[in-house]
Every structure is written in structure tokens, then in C-alpha cells.
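Asker: These are the residues of each chain, in order.
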Amino acid sequence: MIDIDIIVPITGRTDDLTALHRLRGEALRAAGYRPSFFYVIDGDLPQARDTLTALARSRDDASLIQLSRRFGETAAVLAGFASTKTERLMILPAFEQVETASLGRVLDALADSDFVTVRRSPRCDSALRRGQSYIFEALLRRVGNSQVRDPGCTVHALKRTVLEETPLYGEQHGFLPVLAANVGFKVTEIDLPQARRDAGRRVQPPRHYVHRLVDILSVFFLTRFTRRPLRFFGPLGAACTVAGLLGLAIVVVQRLALGVPLADRPALILSSLCVAVGLQVLAIGLIGELIVFINARSMRQYRVREVIEAGAEKQWPKPALRTQAAAD
Amino acid sequence: MTEVSIVVPLYNEQDNVARLCAATHEALVGMPRAYEIVLVDDGSSDDTVPVAAAIARNDARVRLVVLARNSGQTAAMAAGMAHARGQYLVTMDGDLQNDPRDIPLLVDTLEKDYDLVAGWRMKRQDKLVTRKIPSRVANWLIGKITGIPIRDNGCSLKAYRASVMRHVPLYSEMHRFIPAMSSIAGARIVQVPVRHHARQFGQSKYGLSRIYKVLLDLIAIRLVVAYANRPLVWFLKMAIAPAVLAAAFTAGGIVRAVGGEYSLPLFGSGLILALAVGFLLALGSLGELAKHFARGDVVPLVTASAKYSKPIPSPTDSKDQP
Chain C
0 MIDIDIIVPI TGRTDDLTAL HRLRGEALRA AGYRPSFFYV IDGDLPQARD TLTALARSRD
60 DASLIQLSRR FGETAAVLAG FASTKTERLM ILPAFEQVET ASLGRVLDAL ADSDFVTVRR
120 SPRCDSALRR GQSYIFEALL RRVGNSQVRD PGCTVHALKR TVLEETPLYG EQHGFLPVLA
180 ANVGFKVTEI DLPQARRDAG RRVQPPRHYV HRLVDILSVF FLTRFTRRPL RFFGPLGAAC
240 TVAGLLGLAI VVVQRLALGV PLADRPALIL SSLCVAVGLQ VLAIGLIGEL IVFINARSMR
300 QYRVREVIEA GAEKQWPKPA LRTQAAAD
Chain P
0 MTEVSIVVPL YNEQDNVARL CAATHEALVG MPRAYEIVLV DDGSSDDTVP VAAAIARNDA
60 RVRLVVLARN SGQTAAMAAG MAHARGQYLV TMDGDLQNDP RDIPLLVDTL EKDYDLVAGW
120 RMKRQDKLVT RKIPSRVANW LIGKITGIPI RDNGCSLKAY RASVMRHVPL YSEMHRFIPA
180 MSSIAGARIV QVPVRHHARQ FGQSKYGLSR IYKVLLDLIA IRLVVAYANR PLVWFLKMAI
240 APAVLAAAFT AGGIVRAVGG EYSLPLFGSG LILALAVGFL LALGSLGELA KHFARGDVVP
300 LVTASAKYSK PIPSPTDSKD QP
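Read top to bottom, the protein sequences are chains C and P. According to numbering that gives the first Met the number 0, the stretch in the first sequence is residues 0 to 327, in order. According to numbering that gives the first Met the number 0, the stretch in the second sequence is residues 0 to 321, in order.
Only true hints are included.
So the derived list for chain P, only partly shown, Cβ under 10 Å to chain C, looks like this:
{"hint": "1", "residue": "Asp-41"}
{"hint": "2", "residue": "Ile-220"}
{"hint": "3", "residue": "Leu-274"}
Computed Cβ-Cβ distance ranges for the label pairs, DEER-style:
{"hint": "4", "chain 1": "C", "residue 1": "Ile-134", "chain 2": "P", "residue 2": "Arg-68", "range": "24 to 32 Å"}
{"hint": "5", "chain 1": "C", "residue 1": "Lys-84", "chain 2": "P", "residue 2": "Gly-142", "range": "52 to 60 Å"}
{"hint": "6", "chain 1": "P", "residue 1": "Thr-1", "chain 2": "C", "residue 2": "Glu-305", "range": "18 to 26 Å"}
{"hint": "7", "chain 1": "P", "residue 1": "Lys-126", "chain 2": "C", "residue 2": "Thr-225", "range": "29 to 37 Å"}
Far from chain P, by Cβ distances over 10 Å, these chain C residues were calculated:
{"hint": "8", "residue": "Asp-14"}
{"hint": "9", "residue": "Ala-26"}
{"hint": "10", "residue": "Arg-68"}
{"hint": "11", "residue": "Phe-94"}
{"hint": "12", "residue": "Glu-98"}
{"hint": "13", "residue": "Gly-103"}
{"hint": "14", "residue": "Leu-109"}
{"hint": "15", "residue": "Ser-132"}
{"hint": "16", "residue": "Val-209"}
{"hint": "17", "residue": "Thr-222"}
None of these hints come from the bench; they were simulated from the model. A virtual CB, placed ideally from N, CA and C, is assigned to each residue, including glycine.
The following block holds chain C by itself, in its conformation from the complex:
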């Protein structure tokens, strides 16, 4: 039997947690693991708290962590992580997303990988939900260099070092596989059948989609331009400035040499605006470069997998644990 600590962030949607706890425990024990569950309640969810308090009192393999207010799913995961001890971890949603009986396979796949994420396949969702997922996945693949085919599935198994070394921000728990791959961890994706209960009925409020879009944008920026902000802002700003300067030159020549009147056209104001905006965008890129330079010596540029030398082969020692303010 292998000990496995499991983090379950609870942010809203839940199934019957008592039954789910029992089923998941049985499934994992049958696969040869000894699970302990860490339920993290994010904010004020009295119903879940009552259920889980009773559960945590009556069973050894359940603990409850209550955050003082709503911090977001990532903070909940990190708060749970602080209590875990095992080398291998699992993160599960507070509802049945894939067939519970097959959870052991997720952990089995961790043998030759640092991070295992799950694609729900076959899926029994409605076409509308599948369409949403498809758009989300396609966007993420384009902007985040992501290989993950089902980023909406939050059934994850991972090694401890992944959470220690991957910088996490905001609400991006769902992007964990993309960010981990970006740090250099080996991420694999396995197919598991979607749970029937997970299928279909929900339509999210518009706020949800806006949040997702913002998160995708930040992943885009974080995975590509954190080291070189000017490479993002530079071309934008330079193009805008150059267009504005050209416009100014044309307007001035027209006015002074050709005598074309200015007053009834927006050309001068538009050109000035382009110059002004372009310079500002450039300047923001430069401020970014300055911040990167100032902090460069404490930034991680690379991750060493191993050091090989004559004599014993050794793993490079783990870096100190990253502290997360939000999880306090």
C-alpha cells in the first residue's frame, strides 16, 4: 500500500461528499493506495462545512481546512498542499468528473511522469458543452503552447516537486498542467471515461467565461513573455509610433508645401494619438525589462533534471520550498 495525500478544493459545486469520499477511498484502496483526503473549503459554504466536519470527525482519512474567506481555487489547492506529506499527490474536484472506479489508473501513470492529467473520453456531455470545451482547449493550445486536450478536467496526479517549483497565480488551478510543462516537468495525459453525473446540465454564468478568457491571456503572457516583456510590447509600440510619425510627416508636408487645409480633418490628431500611444506601450515594455533585470538574479531560468558524473549518479538537490502568501 502506498500513501497518497489528496487535495480536494471546494469552491461551490459539490456532489454528495460523504458518499464520494467513501467511493473514492474504496476505489483507491482497491488499486493498492492508502489515501488521505484534505478538503479545503474556499470561503463560506455552510452546507459543505457541516458535511465535512462530520466526515472529518468520524474518519481518520479525512481532514478539513477552512479558509477564512474566498481566496480562489489555486489558493485552496496550495493551502491543502501545505498540510500534505506524501511524495505523490492527487488533486480531485469536489464532484465526480471521471468514473471513480478508474482513479487508480491516474496514479499508476505517475510512475514514468511528473504530472498526470486526464482527458474525459468517452465524453457523455451535450454538444453545447463539448463545443465550449473545444473552444477553450483550442484557444489554450494556440496561446499557451499547450498539449493538454482537456484543460477543463481537474483530476490530476502529480509529484510534490511540481507544486513546489511551478509558480501559480490567481485562479489558474485548471492551467496547472500547462504551467508545469512550461517549467519543464513531464506531463502526460490519459483517457478516462467521463462520469455520467458530470454530464451536461450546467450553463455557466457569463462571469465565468470572462474569468477564463482573462486566465488564458495571462497564461499566454506568463509562458511566453515573462523574461522579455519588450518582445511583446516593443513591436506593438514601435509599429504604432512609426505609423504616427509617418502620418505627422505627411500632414505637415501637405499643410506647408501643398497648402491642404487641416482644420476639417482628424489626420493631425490621429497621428499625434498614434505617437503618444506607441510611446506609452514601448515605455511599459521598458519598465517590464527593468523589473526583469532587477529581479533576474532571483529568477529561475532552468530546471536541472540530473547531474551525471563519475561515481554515483545523483539527483540535484531540491530547491527550497516556495512560499505562497495567498495560502496563509
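Let chain C serve as the given structure and place chain P on it in line with the hints.
Answerer: For chain P alone, kept in the frame of chain C given last:
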């Protein structure tokens, strides 16, 4: 006690690793200093790692650092330097285009009171149009913009004092600009002509496509090299041109207004540009703030006086050239 660490980033160099190590050992037979070779695999997709690992396991002078993913040449160099034990660091390409026989010369020069010895490829064995001419233009630009006129920034064969490199931030694709970056830290820099061979095996990993990136990096380097300690000054300078334009437009508008005719385009443009000036100044102040809250020194001061010296004559004659 290792004195010299030779750091070699490798990316898909399975055919070259063994030759590289052999050539280095052969070249350094006569060198009275203890040395080590630090190979850094930068996420190769071919058999570089198994080949290099076999060498590293059997040879106490060779170590292999394997990076988890392809992180770029600068990161690979930084990783190699972090794992190096010597007080002198030498970086070299993994493709055998540099000649390890130049290493003793570089290290000896370094010991004569320098912090950085940059090699320059006197007889470069590369294609003229796609490699040599762009490189000449780039070197001229880099020299002009950073103020450190290095003849050959693309030459990886360089030697550094480890104590100085600890203070030089290496990130993104900074390896091209290490001389400029280390000059911030007050490094004493000298150039030495080195040999260069044509590539024998494998593919060249550079092309012309990176020019705009290098240009943007240059602007950034210029900013941090000259203004990291006083960002507001840089933004003040950026604000001069829009300020002049704003003043000109507004003055034109006032002249018109005095003549009894109000000009919306002139006043409007003046206002917009004045706004940009204000914004730039605000950003400059923000830069000062970022500097203020930086941990430690923004610009490390290693030696009191930096000096740049002309290339010293090389002991390697042209008859020595292959």
C-alpha cells in the same frame, strides 16, 4: 582543486560530444592547471544525453548537467556556470567550431588582471551572406548601442572570472551581451583572436530570423546598462521629442487663436502629446520605485574602475591557423 571549468552547452550534438571532449583533453595536456568540462544538455531530442552520460560516468574530468527542457543557450550557460567549480570559467560552443587549443591562452590572459576575455574569430569559416555580413552589422550595432565595442559578440569562446560572473544577471538571450552586461558590474574586458573551424557534423541552429529580437533585446540592454540606476532619466529623454512636438502644436494653436481663429487639430494634438509626456514621466517614477524596492544592489559593483582595452596582439600566428 579545479581551476578552470569549461562550460559547453549542447543541443542535439550527438556526433560532436565525444570529439569535443577528446579534442579538449588533447588540447589541454600541456596546461598546468586542473580543469573540468561541464557539459550542459539543453533538452536535446537526439542521443546527446546517453552519449554524453557515458563519457561523464567514465571520466572524472567531465560532468553532465541535464536540463529538464529546452531552455535556451543563455539558461544552459547559466546552469553550467552554476555547477562549475573552477575560479576561471570558459564557455565554448558544442559544435567544434571553436578550438580548445585556444583555452590556455584565454586563461593566461584572464590571469593578467582581466575579468573577461572575449575571443574573436579572426578567420571565420562560415557562409558570407547569411552569417558573416549580418554578424558584422550586428556587432557594429551592439558596440554602438551598448558602448562596449566587442568585435565578435557571437563567438562563444570566452573566459570569465567566476567571482565576477556571479554578479552578472544571465537571463533570456543575454549570452550575446555578456560583455556589455558584465561591464555594468565593472568587469575589465579584453579581446583575443581565436581560431575557428567550419562545422563538420550536425545542423547550425542560427539563422537570420532573429534580427528583430536582437534589436529589441539591444534596446532593453541599453536601458539596463546605462539607466538601471536612474530609470527616470531614461524616460525623461524619451519624453523630450513628444514634449517638443506638444509645445510646437500648442504654440501654433495660440498664434492662430491670437489671430482670431481657433484650431482644434493643433490644440488637440498638443494636448494628446502633453498627456504622453506626463505618462512617460509617471512610468519613469514607477521605474524608480521598482529600483527602490529591489532586494540588494540593482547594479553590482565588483571592481572600482572599469576599463576597456584594445585587442592585445595574439601569440597565435596565422601560420597556426588550420
